[in-house]
Structures are given as structure tokens and as C-alpha cells.
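Chains as they are written, first to last, in our numbering: chain C, 1 to 452; chain X, 1001 to 1259.
Nothing false has been slipped in among the hints.
Non-contacting residues of chain C with respect to chain X, defined by C-beta distances greater than 10 Å in every case (computed):
#1 A19
#2 Q27
#3 E60
#4 P220
#5 R243
#6 Y347
#7 E433
The calculated SDA-like cross-link candidates involving lysine to any residue, where the alpha carbons are at most 20 Å apart (straight line), are:
#8 C:K411 x X:R1109
#9 X:K1127 x X:S1141
#10 C:K411 x X:E1072
#11 X:K1118 x C:V412
#12 C:K411 x X:Q1113
#13 C:K411 x C:E448
#14 C:K411 x X:P1054
#15 C:K21 x C:Q48
#16 X:K1021 x X:P1038
#17 C:K145 x C:R43
#18 C:K21 x C:L78
#19 X:K1127 x X:R1109
#20 C:K411 x X:R1110
#21 C:K395 x X:P1094
#22 X:K1130 x X:I1188
#23 C:K411 x X:E1077
#24 X:K1137 x X:I1188
#25 C:K411 x X:A1092
#26 X:K1118 x C:R445
#27 C:K395 x X:A1055
#28 C:K149 x C:R43
#29 X:K1029 x X:R1197
#30 C:K411 x X:A1055
#31 C:K411 x X:P1090
#32 C:K21 x C:D74
Cβ pair distances, simulated, as ranges:
#33 C:E433 x X:G1198: 35 to 45 Å
#34 X:D1149 x C:R429: 14 to 24 Å
#35 C:H451 x X:A1055: 16 to 26 Å
#36 C:R337 x X:P1094: 23 to 33 Å
#37 X:E1018 x C:D67: 50 to 60 Å
#38 X:D1117 x C:D397: 25 to 35 Å
#39 X:P1094 x C:M95: 29 to 39 Å
Derived from the structure by calculation, the hints contain no laboratory data.
From a predicted model like this one, the values you see are computed outputs, not experimental measurements.
Cβ atoms here follow ideal geometry from the backbone N, Cα and C, with glycine treated the same way.
Chain residues, written in single-letter form:
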Amino acid sequence: MTKETPKIVTRARRRDEAAVKEFAFRQEMVRSAGMSEFIRNYRLQAWQTYQSLPMPTVKEEAWRRTDLRGLEADLFRLPQNEAYLDLAPLPEELMRPIADGEHGGQIILMPGGSQVNLSTELAQKGVVFTDLRTAEEKYPQILEKVLNKVVKPTEGKFAALAAALADTGVLLYIPRNVEIDQPLHSLLWGPGVHLAHISHIIVWLEEGARATYVHEYASPTEAGQTLHVGLVEVHVGAGANLRFVELQSWGENVWNFTHERSQVDADGNLDWIFGAMGGQLTKNFADLDLIGRGASGRMSGFYFTDGQQHLDYDSQQNHLAPNTTSDLLFKGALIDRSRVVWQGMIYVAPGAMKTDGYQANRNLVLSRDARADSIPGLEILADDVRCTHGATVGKIDPDQVFYLRARGIPKVEAERLIVEGFFDPIMQRIPFEGVRERFQEAITRKMEVYHG
Amino acid sequence: MSDELIIRNLRVSIEGKEILKGVNLTLPKGEVHAIMGPNGTGKSTLAYTLMGHPAYEVTDGEVIFKGQNILELEPDERSRLGIFLAFQYPVAIPGVTVANFLRTAVNARRRAQNPEDKGIPIPEFRKLLKAKMELLKVDPSFAGRYLNDGFSGGEKKRAEILQMAVLQPEIAILDETDSGLDIDALRIVAEGVNALRGENLGVLVITHYQRILNYIRPDVVHVMMDGRIVETGDADLALHLEEHGYDWVREKVDNGTPA
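With the rest of the complex left out, here is chain C (with noise of 0.2 Å):
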């Protein structure tokens, strides 16, 4: 026998819950109090792009595939002084050195505090190596100098809004000829449900300039939504060499904004990796801009999503000087019902001849859930190119988990080894042992969850 359960039907209010909230930040916000004139107006010019920008909807291009109705926009609030101090702890892993040496220097960044080290011997070749903070106060000259010349505040709401209101981030700044051999480490710690994490990384090498420096972002998973807004901008300069690694590994509930460009003078190179882990929702605009003739990039992305995780990528690379270098390789594996959309255009400047580009972007989708677009793009307005891109969407071949099975592996074990030979192309171009570790250590994990 059922017993019958009454049934309540209640009208909702369905266009409120439909509409995407607005941040409730305010202008008093901006921090612009004992600031250089120069940073202050940048902040609130910032600050007036940003009000003057709609939240953004999928009825725009740039957002079609990526929701932000869900985000609980109107509770976030910046972290106060110290609010570390009652928030969940950085774990000791993440100290750990990812790099198989000595770190030239580290700084964690912390809601509302921060440690910074760096060696004296980087200190006295004029090398800066800082959080946000102390810059402003240190060294407003070098920031006067690099604040807004590769990302601009008006390029979007999310980029102002990190623009106007970054309150924590990293300022390196390598003087010309001068050479880094140790890497710089650097890690965000964002826990706080409700907590808005806006940073600012600012990479500027001078002419001639050499060094490796990896960031990361973290957080635990807490019982509610957490927020990071980012600005990356990064300028490598005519000659110089500079290898960027970039890591996520937020907890569950995050929502993650970044606006994010690196431009290579002439003859410059970098080698730019995102690894992704983490988050609820990602939206990343990371763009290559090859300013200079002889410039070269690379940039490599790996990733791994679960349960209902969402990553949005969107990738320029633009050839702005002729006799320019490009290479993109994104690949990624997803189970259960997530998301990954990787969006990517090819741009070739009129005059930027003999340029030679190429994107690629490979992904695994492991359940019947999950979901992988593609979007390769050229555009290419200069005679006498090279471009060429591929994307790819895949599953475990069958044929191979018997092979692997024939050989005594049993069925988990062979799809685990199946899925790191796929990322196995991809970690051949991270630097670091501890790095690839770390992801082969969160495939495993999310591999055993994903056969229960």
C-alpha cells in the first residue's frame, strides 16, 4: 500500500531565479588610498568599465556555452586583513617543492596576508619578486610602467572587475640580461565560502631576460560557493625566454574568472602550461599575442574534470609580426557529467608573413555524461602562412583495455593506464617531476571514484 503524499505546487517566481545576479561590490572597494595617481586612476577607470558592463549571458558569443546563473554573485565580499587566520589552513602538500631543486623564490598568498621570499643573490641582480601589496608601495614606478599595457580593464566585466578590485597577487619583474636558473614559486590560497578572491599576476621580463616560474591556485572544498576573479599579464620581452606554469587545483564549489595574455617581443619565447584540476565552473580567456618578428609561444593545457565540473577555455593566438611561432595542445579526459568547451582562434595579422601556427586539442570522454566542444578557428589576413589546427574527441578503445586485460591488467587498472598515456604527450612538456606527479596522483584518485 502507497501512502499518499500530498503535493505542493508552488508557482515560482521563475524570471528572478532565471536572471544572472550582479556582484554587490561597491566602489569603496577600489584601494586607492596612499596609491600613486597613476594606479589609482587605473583602478577606478576600472571600476567605471566595470559598472558601465552587464553581467555577461550566453546570448553573448564569448559566454554561449558557459551559465553563470548559478553564481551567487550578490554574497560574495572581499576577505578583511588576517582572514586567514580563521579559515581552513594550506595544507602541507601544497609546500611541498614542486620543482626538483631549489626554489629561487616563494610567496603564498593568503586572504588578507602573504609571505614572500626570494634569495638575496635574485634580490641584488634588481630581480622583484613580490605580492600585489608591497608593490604598490615598493616599487609604483615598475607598476606604473606594466599596468595596462597587455590586458585591458575594458576587454571585459571580469577583467575590470580584477582590474579595479585586485587585492592580492604577484609582481615579477626581471631586469634585462639577467638570467634565472632556480624556479619562482608562487600559490594562492582561497578558501572561504562567500569569499571573493581577486588576483592580479603581473610577469614583465626585460630584454634578454631567462626564468621559470610557476603559479598555482588552490583551495579546500567547502559547503559553499567561492569565488576568484583573475588577471594574468605577462610581457616577455625581445629575446628573453620565459617558461609560465599555471595551476588550479580550487575545491569543488568554485567559480573561476581569468583574463589572461602574454605578448613576446621579438626573438622572445615562452612556454606557457595550464594545468586544470578543480572548480566548479572555470571561464579562461588566455591569449598569445607574437608582437614582435621572431617571436615564439607555446602553450600546453591539460585537464581532468569530474562530477559536474565546467571549464570554459578561450584561446586566442595572434600573430601580430611576421617570421612568428605558435603552438597550442590542449588535451583533457572527463567522466561523469562534465563539461569542457575549448574555444580557440588562430589570428595572422596583415603583414605577418612566413608565420607558421598550430592548435590542436584532444579530449577523452570516459562517460556517456560527459561532454566536449571544440571550436578550432583561423583567421589569416597575411600571404605566405602556415596554420593548422585539429581537434579530437574520443573514447577508451575497447580493443586496447582487452590487450592491456590479456596481459594480467585488470579492468581499472588498464583505463587508468590508457588515460595517463593520453596526457603522457602533454607531461613530457612540464618541467617538473613534482608537477606531473601531482596530476598522475589526481587521475588515479578521480579514476578510482569514476569505477566506484
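Guided by the hints, dock chain X onto chain C, whose structure is given.
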């Protein structure tokens, strides 16, 4: 008594079509048996069925090894029990090196024995792999290459034999291992198999041509036709088939003489 592989009345269908129509065969350890026959008679179906490929549906019969009906086991369990199939078409696993793959396979065996096992220590594994590669005259660079990815036909077959050497099965099924090999490659592969022959290994050589049997001399030769073993004899049977073809066997079968 359990040191043999016993196939009894094995019937197998694929997509509803019966391919094996009651195969009987006993392969003792220490012996090499060949199965010969024209194309499309079910030789490869037998190989895949013994290994447990999911596309092959067993409708009747049993295959006994070490007191178990292996048809009830998963493919990886069969492998760990000591059955090995050298594939006619080895599958490429991009991004997984031969060494990584073999170490995973060795560790899967160890863990099946002892769930607490931490895996073979890397130096010990390197030593093992190096010894087997020297035994089979395989180039050391093999270990670092992605498994079967971009391998030539000959390299693939040598990789199969290398796997067999490392995993040390008790029953090895070589499915058309000679196909697509020139005479030099065939000789190298056959030498590898001969190097692994011994009283602890039973080998089933499945082949269309007699050629490979010049190098791997069988103790027993079976002829398969239309899903059944129809003739069994010694090594001379293979030579006879080479000379006279399969027609006389077919006539014999058609005349109703049971095998």
C-alpha cells in the same frame, strides 16, 4: 593431471553466427601443437575465445586449466592463471612505454598473489627486462618506446614474444604470429619462441602456412576446418599439407569420415 589445457566440445558464436562447432583438443605443458587450416575456419576465433574476448559468445563446452573452467574467468584472470595470447594484430597503446606497461603487468600478477605487495622494485624489474631483451636479441631502445605505436610488423611480433618472456606463461597461444613477416623477421621471432620452450610451457601455434613450423617444430599438428578439428597427426602432417594443400582433408570430411 591439471598440467594441460583441455578444450571440450567448444561452441562459439559471433553476432549470432556459429564459428566453432564443437572443438576438442588437449594441450599438455611441454608440448608444441600447431593448428593449421584454411582462412575463415575459426582458428583466430579459438585464440580470442581462449583469452576471453567479449565479442565471442560461448554457447557450449568448457576449457579446463589447473582444475578451473577458464571460460568463467575474466581475461586478466586467465592471463594471471598462466594463459598468454600473442596477438595477430597487437594493439597500440600510445603514451605507454613498453617498460611501464610490462611493469604494470608484472605488478598486477604480484598483487593478485598478495594484495599487500608493493610492486617489483624498479632496479629488479630493469634487470629482468634487460635479461629478457638480451635473450631475445631485442634492441634496448624498445623499452622506452610507446607500446606498438609506430612499430613495424616485425617489431610488433617481437614485442609480443618479449611480453611472453617477461610474463612467463604456462600456455602460450600464437595467433598467426608469422603473418606479415619476411623470412628474417620470422626466424628471429621463431628463435625467441624456441628460447622459451621447455617443460613448463605448452604452445599452440595457429597458422595458415607451414613455413613457421620449419622454425618452431611442433609435436602435434591439428587441422581445423569449418569450426572443428578434423585431422591430427605429427609434424609430417604439416609437410603433407604444404605439399598437397587442404583439399584432401576437405574431401575426407565431406565423405563423412570423422576426425
